[in-house]
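Trainee: With chain A fixed as given, assemble chain B onto it according to the hints.
2 protein chains.
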Amino acid sequence: MIGLKKSVLSFLAGSLGVISLLIFCVAVPGYGQNVVNDRMLLNADKDPNNWLLYGRDYASTRHSPLNQININNVKRLVPKWVFQFGYLDGQDSEAIVNNGVLYITSSWNHVFALDARTGNMIWRYDHPLPEDLGKHLCCDVVNRGVAPYRGKVYFATLDEHLVALDAKTGKVVWDKVLGDYTYGESFTLMPMALRGKIIVGTSGAEYGIRGWIAAVDADTGELVWKTYTIPGPGEPGNDTWKGESWKYGGGSAWITGSYDPDLNILYWPVGNPGPDMDRHIREGDNLYTNSTLALDPDTGKIKFYFQYTPNDPYDFDGVNEVILADVGEKKVWLHADRNGYFYSIDRTNGKFIYGVPLSEINWAKGLDPSGRPIMNWPEKDVHFDKVTRNISPSLEGGKEWHPMAYNPKKGVAYVPTFQLTMDLQAMRQEWKRGELYLAAKVLEYHPGYGSLVAIEAATGKTKWSWNNKSPMTSGVLSTDGGLVFAGNPEGEFMAFNDETGELLWKFQTGSGIVGNPTTFSVDGKQYIAVPSGLGGWMGWATLGQGGAPWLKTATKGGALFVFGLFEE
Amino acid sequence: MIGLKKSVLSFLAGSLGVISLLIFCVAVPGYGQNVVNDRMLLNADKDPNNWLLYGRDYASTRHSPLNQININNVKRLVPKWVFQFGYLDGQDSEAIVNNGVLYITSSWNHVFALDARTGNMIWRYDHPLPEDLGKHLCCDVVNRGVAPYRGKVYFATLDEHLVALDAKTGKVVWDKVLGDYTYGESFTLMPMALRGKIIVGTSGAEYGIRGWIAAVDADTGELVWKTYTIPGPGEPGNDTWKGESWKYGGGSAWITGSYDPDLNILYWPVGNPGPDMDRHIREGDNLYTNSTLALDPDTGKIKFYFQYTPNDPYDFDGVNEVILADVGEKKVWLHADRNGYFYSIDRTNGKFIYGVPLSEINWAKGLDPSGRPIMNWPEKDVHFDKVTRNISPSLEGGKEWHPMAYNPKKGVAYVPTFQLTMDLQAMRQEWKRGELYLAAKVLEYHPGYGSLVAIEAATGKTKWSWNNKSPMTSGVLSTDGGLVFAGNPEGEFMAFNDETGELLWKFQTGSGIVGNPTTFSVDGKQYIAVPSGLGGWMGWATLGQGGAPWLKTATKGGALFVFGLFEE
Numbered sequence: 003m004i005g006l007k008k009s010v011l012s013f014l015a016g017s018l019g020v021i022s023l024l025i026f027c028v029a030v031p032g033y034g035q036n037v038v039n040d041r042m043l044l045n046a047d048k049d050p051n052n053w054l055l056y057g058r059d060y061a062s063t064r065h066s067p068l069n070q071i072n073i074n075n076v077k078r079l080v081p082k083w084v085f086q087f088g089y090l091d092g093q094d095s096e097a098i099v100n101n102g103v104l105y106i107t108s109s110w111n112h113v114f115a116l117d118a119r120t121g122n123m124i125w126r127y128d129h130p131l132p133e134d135l136g137k138h139l140c141c142d143v144v145n146r147g148v149a150p151y152r153g154k155v156y157f158a159t160l161d162e163h164l165v166a167l168d169a170k171t172g173k174v175v176w177d178k179v180l181g182d183y184t185y186g187e188s189f190t191l192m193p194m195a196l197r198g199k200i201i202v203g204t205s206g207a208e209y210g211i212r213g214w215i216a217a218v219d220a221d222t223g224e225l226v227w228k229t230y231t232i233p234g235p236g237e238p239g240n241d242t243w244k245g246e247s248w249k250y251g252g253g254s255a256w257i258t259g260s261y262d263p264d265l266n267i268l269y270w271p272v273g274n275p276g277p278d279m280d281r282h283i284r285e286g287d288n289l290y291t292n293s294t295l296a297l298d299p300d301t302g303k304i305k306f307y308f309q310y311t312p313n314d315p316y317d318f319d320g321v322n323e324v325i326l327a328d329v330g331e332k333k334v335w336l337h338a339d340r341n342g343y344f345y346s347i348d349r350t351n352g353k354f355i356y357g358v359p360l361s362e363i364n365w366a367k368g369l370d371p372s373g374r375p376i377m378n379w380p381e382k383d384v385h386f387d388k389v390t391r392n393i394s395p396s397l398e399g400g401k402e403w404h405p406m407a408y409n410p411k412k413g414v415a416y417v418p419t420f421q422l423t424m425d426l427q428a429m430r431q432e433w434k435r436g437e438l439y440l441a442a443k444v445l446e447y448h449p450g451y452g453s454l455v456a457i458e459a460a461t462g463k464t465k466w467s468w469n470n471k472s473p474m475t476s477g478v479l480s481t482d483g484g485l486v487f488a489g490n491p492e493g494e495f496m497a498f499n500d501e502t503g504e505l506l507w508k509f510q511t512g513s514g515i516v517g518n519p520t521t522f523s524v525d526g527k528q529y530i531a532v533p534s535g536l537g538g539w540m541g542w543a544t545l546g547q548g549g550a551p552w553l554k555t556a557t558k559g560g561a562l563f564v565f566g567l568f569e570e
Numbered sequence: 003m004i005g006l007k008k009s010v011l012s013f014l015a016g017s018l019g020v021i022s023l024l025i026f027c028v029a030v031p032g033y034g035q036n037v038v039n040d041r042m043l044l045n046a047d048k049d050p051n052n053w054l055l056y057g058r059d060y061a062s063t064r065h066s067p068l069n070q071i072n073i074n075n076v077k078r079l080v081p082k083w084v085f086q087f088g089y090l091d092g093q094d095s096e097a098i099v100n101n102g103v104l105y106i107t108s109s110w111n112h113v114f115a116l117d118a119r120t121g122n123m124i125w126r127y128d129h130p131l132p133e134d135l136g137k138h139l140c141c142d143v144v145n146r147g148v149a150p151y152r153g154k155v156y157f158a159t160l161d162e163h164l165v166a167l168d169a170k171t172g173k174v175v176w177d178k179v180l181g182d183y184t185y186g187e188s189f190t191l192m193p194m195a196l197r198g199k200i201i202v203g204t205s206g207a208e209y210g211i212r213g214w215i216a217a218v219d220a221d222t223g224e225l226v227w228k229t230y231t232i233p234g235p236g237e238p239g240n241d242t243w244k245g246e247s248w249k250y251g252g253g254s255a256w257i258t259g260s261y262d263p264d265l266n267i268l269y270w271p272v273g274n275p276g277p278d279m280d281r282h283i284r285e286g287d288n289l290y291t292n293s294t295l296a297l298d299p300d301t302g303k304i305k306f307y308f309q310y311t312p313n314d315p316y317d318f319d320g321v322n323e324v325i326l327a328d329v330g331e332k333k334v335w336l337h338a339d340r341n342g343y344f345y346s347i348d349r350t351n352g353k354f355i356y357g358v359p360l361s362e363i364n365w366a367k368g369l370d371p372s373g374r375p376i377m378n379w380p381e382k383d384v385h386f387d388k389v390t391r392n393i394s395p396s397l398e399g400g401k402e403w404h405p406m407a408y409n410p411k412k413g414v415a416y417v418p419t420f421q422l423t424m425d426l427q428a429m430r431q432e433w434k435r436g437e438l439y440l441a442a443k444v445l446e447y448h449p450g451y452g453s454l455v456a457i458e459a460a461t462g463k464t465k466w467s468w469n470n471k472s473p474m475t476s477g478v479l480s481t482d483g484g485l486v487f488a489g490n491p492e493g494e495f496m497a498f499n500d501e502t503g504e505l506l507w508k509f510q511t512g513s514g515i516v517g518n519p520t521t522f523s524v525d526g527k528q529y530i531a532v533p534s535g536l537g538g539w540m541g542w543a544t545l546g547q548g549g550a551p552w553l554k555t556a557t558k559g560g561a562l563f564v565f566g567l568f569e570e
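Just so you know, the sequences run in chain order A and B.
The numbering of the first sequence is the numbering used here, which starts it at 3 and goes up by one.
The numbering of the second sequence is the numbering used here, which starts it at 3 and goes up by one.
So here's chain A without its partners, still in its complex pose:
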């Protein structure tokens, strides 16, 4: 009965069953399906009303079939309600909607369940965080949302808890500690619910942890499998690490993966090696950092992989999302990496199809036929006591973590990019448990800009590109209304014509947008939701260090904006 107003409930309480049922069906389309199950998740791409998974569907397209809001009426889009979290700093989250109930997380690990039509709070959950957390957290107090499944919502916390909350009440059903924040591990991702399991990946490469992906039983929280992203002695790939360097090898897995039910393969992205920027003390390819892993979802076994940047000295955190696309006869995954390339990879075997530049690239001279970068060494190598200037792109990418969208009907990906250059210097650093392990510092970001780029998946060709003054710091949403939505760190939420890139509409939300827009429908009305609130890594890196110095006076924020069409 979630999502019904009190008045309706009162009415129901006093009515005959048959009448109740009738009213019920009218008031809440899809009632009876409000407990999220596997069928709903496996068919999420065909469900226009809800948004149940991180990337909307297991292919992570972020494309909605809703078209009530479209290129002809998008100028009529207005805020319908706003919800202020009561917490500032980076709002990396996105609204998850099931049957009229909207779940959103804020900075500092709070979860709110709201009536999607009005913004009225149904419940809140405030996760207690340890006082010394800040000492072991590299990149702000962010979270990317909760996963709804089997009457619960699953929430992964900064202090490495996985918490199952009752979807109707917000009460804790179980709370399991899966890692150790004092070691540098943390969770910032939205968990993935998949066939009875909840799958998560840890953050922490900046502390030289040994990264991992794990699956727990959705009902009990018991561990089912745990796969390290850095192979240990005797495992394939361990020989790609010099000496003992694998022990501190990083390889976080903090972006939610994708799943192909036909192939029964789970694709999960893996980030940068530890230390982030001194490649020489970890000579070798450093598997499986800066890679996408293809895993057996039942066992966690690695079937194959593709690595974007071997032995990376630039902190080109390859953790960016993968979108599963069927392009002609080819089953591929699409991936826009921080290293500046946009990739198409055969998802049946991990073989390289193409890689095209998203931004200026000067750290590599190109990609060889297998997709391996041809390094621009010694010119752009990073050494102790030597400054390497004007590396393009900067460690922010290319593209940052903010997910692109893919319209499967048009075969076009919409990619938010960063056009920045950095100066880097390596530093000698010993690993110490729970301490930052970067082994370099960014001396300077040179002021740059950003673009929203439409790329044809079949060819890698740019269809259109729209430039923003600052880097594009939000996720992207694509809809059958012929629209692409994205935000910028200036605070504007924008709608574009997906064929031409024409800016059709915008609204100033008053703080930078660094989270992801989603769309849903309740009572036959389409809404668009986007969190607003600049902070954390974006605030520090792109603003504080010079990438967008005009935003130095920008304000933090913490609010969810929900838009709908103006009605007379």
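It is worth saying that the hints were derived from the structure and are not from the lab.
Cβ coordinates follow ideal geometry from the N, Cα and C atoms, glycine included.
One or more of the hints may lead you astray.
Said to hold, decoys possible - Below are the EDC-like pairs computed for lysine to aspartate or glutamate, each with C-alpha atoms no more than 16 Å apart in a straight line:
no.: 1; chain 1: B; residue 1: LYS412; chain 2: B; residue 2: GLU458
no.: 2; chain 1: B; residue 1: LYS388; chain 2: B; residue 2: GLU446
no.: 3; chain 1: B; residue 1: LYS77; chain 2: A; residue 2: GLU570
no.: 4; chain 1: B; residue 1: LYS508; chain 2: A; residue 2: GLU570
no.: 5; chain 1: B; residue 1: LYS249; chain 2: B; residue 2: ASP287
no.: 6; chain 1: A; residue 1: LYS228; chain 2: A; residue 2: ASP182
no.: 7; chain 1: A; residue 1: LYS367; chain 2: A; residue 2: ASP383
no.: 8; chain 1: B; residue 1: LYS244; chain 2: B; residue 2: ASP287
no.: 9; chain 1: B; residue 1: LYS554; chain 2: A; residue 2: ASP128
no.: 10; chain 1: B; residue 1: LYS170; chain 2: B; residue 2: GLU224
no.: 11; chain 1: A; residue 1: LYS77; chain 2: A; residue 2: ASP383
no.: 12; chain 1: B; residue 1: LYS508; chain 2: A; residue 2: ASP328
no.: 13; chain 1: A; residue 1: LYS353; chain 2: A; residue 2: ASP328
no.: 14; chain 1: A; residue 1: LYS77; chain 2: B; residue 2: GLU570
no.: 15; chain 1: A; residue 1: LYS508; chain 2: B; residue 2: GLU569
no.: 16; chain 1: B; residue 1: LYS178; chain 2: B; residue 2: GLU224
no.: 17; chain 1: A; residue 1: LYS554; chain 2: A; residue 2: GLU446
no.: 18; chain 1: A; residue 1: LYS333; chain 2: A; residue 2: GLU446
no.: 19; chain 1: A; residue 1: LYS137; chain 2: A; residue 2: GLU437
no.: 20; chain 1: A; residue 1: LYS303; chain 2: A; residue 2: GLU237
no.: 21; chain 1: A; residue 1: LYS77; chain 2: B; residue 2: GLU569
no.: 22; chain 1: B; residue 1: LYS382; chain 2: B; residue 2: GLU362
no.: 23; chain 1: A; residue 1: LYS411; chain 2: A; residue 2: ASP287
no.: 24; chain 1: B; residue 1: LYS249; chain 2: B; residue 2: GLU285
no.: 25; chain 1: A; residue 1: LYS508; chain 2: B; residue 2: GLU570
no.: 26; chain 1: B; residue 1: LYS77; chain 2: A; residue 2: GLU569
no.: 27; chain 1: A; residue 1: LYS554; chain 2: B; residue 2: ASP300
no.: 28; chain 1: A; residue 1: LYS411; chain 2: A; residue 2: GLU458
no.: 29; chain 1: B; residue 1: LYS554; chain 2: B; residue 2: GLU446
no.: 30; chain 1: A; residue 1: LYS411; chain 2: A; residue 2: GLU501
As the list claims (entries may be wrong) - One side only, chain B facing chain A, incomplete, derived with CB under 10 Å:
no.: 31; residue: GLY121
no.: 32; residue: MET123
no.: 33; residue: ASN499
no.: 34; residue: GLY512
Mentor: Frame of chain A; chain B shown alone:
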């Protein structure tokens, strides 16, 4: 050139002078009057476009002649932009607008100048606050806005600075320390600019300070006069204090006054005595606490006064605003006090005209012909070691500080009320410098509600009343559009038909509204601005202590919402 977009400036830079001037006049109506002067302030009631004074005009009516937004089209009101302050806690402020530039202050003493049409930041000023401020601050880190005058905006800070900022750049012109925050003094009010002076009143009665109102030279910041609200030995009224109790007598003056240019009288409200609730150690009438003072604005000399609650044991802080109204032949001031009465007072001499109840009142049996309350003692007296239950209204009022509005054409005041009851107990307490000096505690607020009440100024009769689930915690705005605007702690900003009280429109801002709505016009378009952000005293008192327990899970906020009519 404030308020112009860059593109316009660029165009101007490349144009001939004549053309530039033309464009300029079209783009910014009223250009040339953008330096606020006495003529503008004295005629603020006739200026539809700007909002230059705390209560819009020196009479503090909060009534605007704008009528573009009216009862016929208010349903078309939508947010045009939002600005997030980047600071939480109580947002008690209001938008001041001069010629397209909007000035707003946030919690924690930040000032922002924004383009009123877009919300884009022109400048910000961040006042540094001392680390130990919290020890000496009773009621949250709030501020009520800046006063624009002679090319500056004047900002009164929590640590008792008065800062003059350049209106175009936000640079500090001068910064004077007028009081001592370690003594318990603080500023939360919007200063008043008046004929070459800047007038302020201090907060701090809760610390047993001796309250005062002061005027400084607007150009230099040099003190012109300072009038204590508690008379010293030898001064008239000192005999209304038992023994030495006048020394800690309170009498804060933290709400901006009103001014009658014809009578050349400054009306300034004075709050509760110190200690707040033990009347027995300060027997006597305790002048001039809980009074409105009529002052000579040139000298600060007290001409006359009216006292609402002598020897107050209930913390009925009489600091609420006064509205100057001409009712038939009578020149009156209107005042809705926390003691629960709505007063009309002859403003030529301070004589009582009438007092009518705004809420349930049981602490007094009524008012005598001079307006003095007939106390309900011993039944409702407050003693040591005795609990006095069910005192109505509670110390929040009647009406809290949030200002009412008055439509001078209709002769009707629109009053936001609190309908709460409290249990009180006196406690023995010695005054110590810089420490809270309440001498009592509220044992409990009983859950209550609020009303927006329309009162005919001539008769005191209630024209209509609209009930809200929680107390009404925002200021009120009245317009010639036939509308009254107000917010509630649930976060809704609302518009009412001023004749009937019918709720015509509302928008959920996502955090409680405890500041004041204002309206202005730029480029021929009317806008309505309101800050949103629950916190501080409201959060603590009405929510934390039981007055509105359903709001215990409500979130803090910090944003300015600017609304306008939807345009195709």
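Trainee: Against which earlier hints does the structure fall short, listed by number upward?
Mentor: Of the numbered hints given earlier, those the structure breaks are 10, 11, 12, 18, 23, 27 and 33, listed in rising order.
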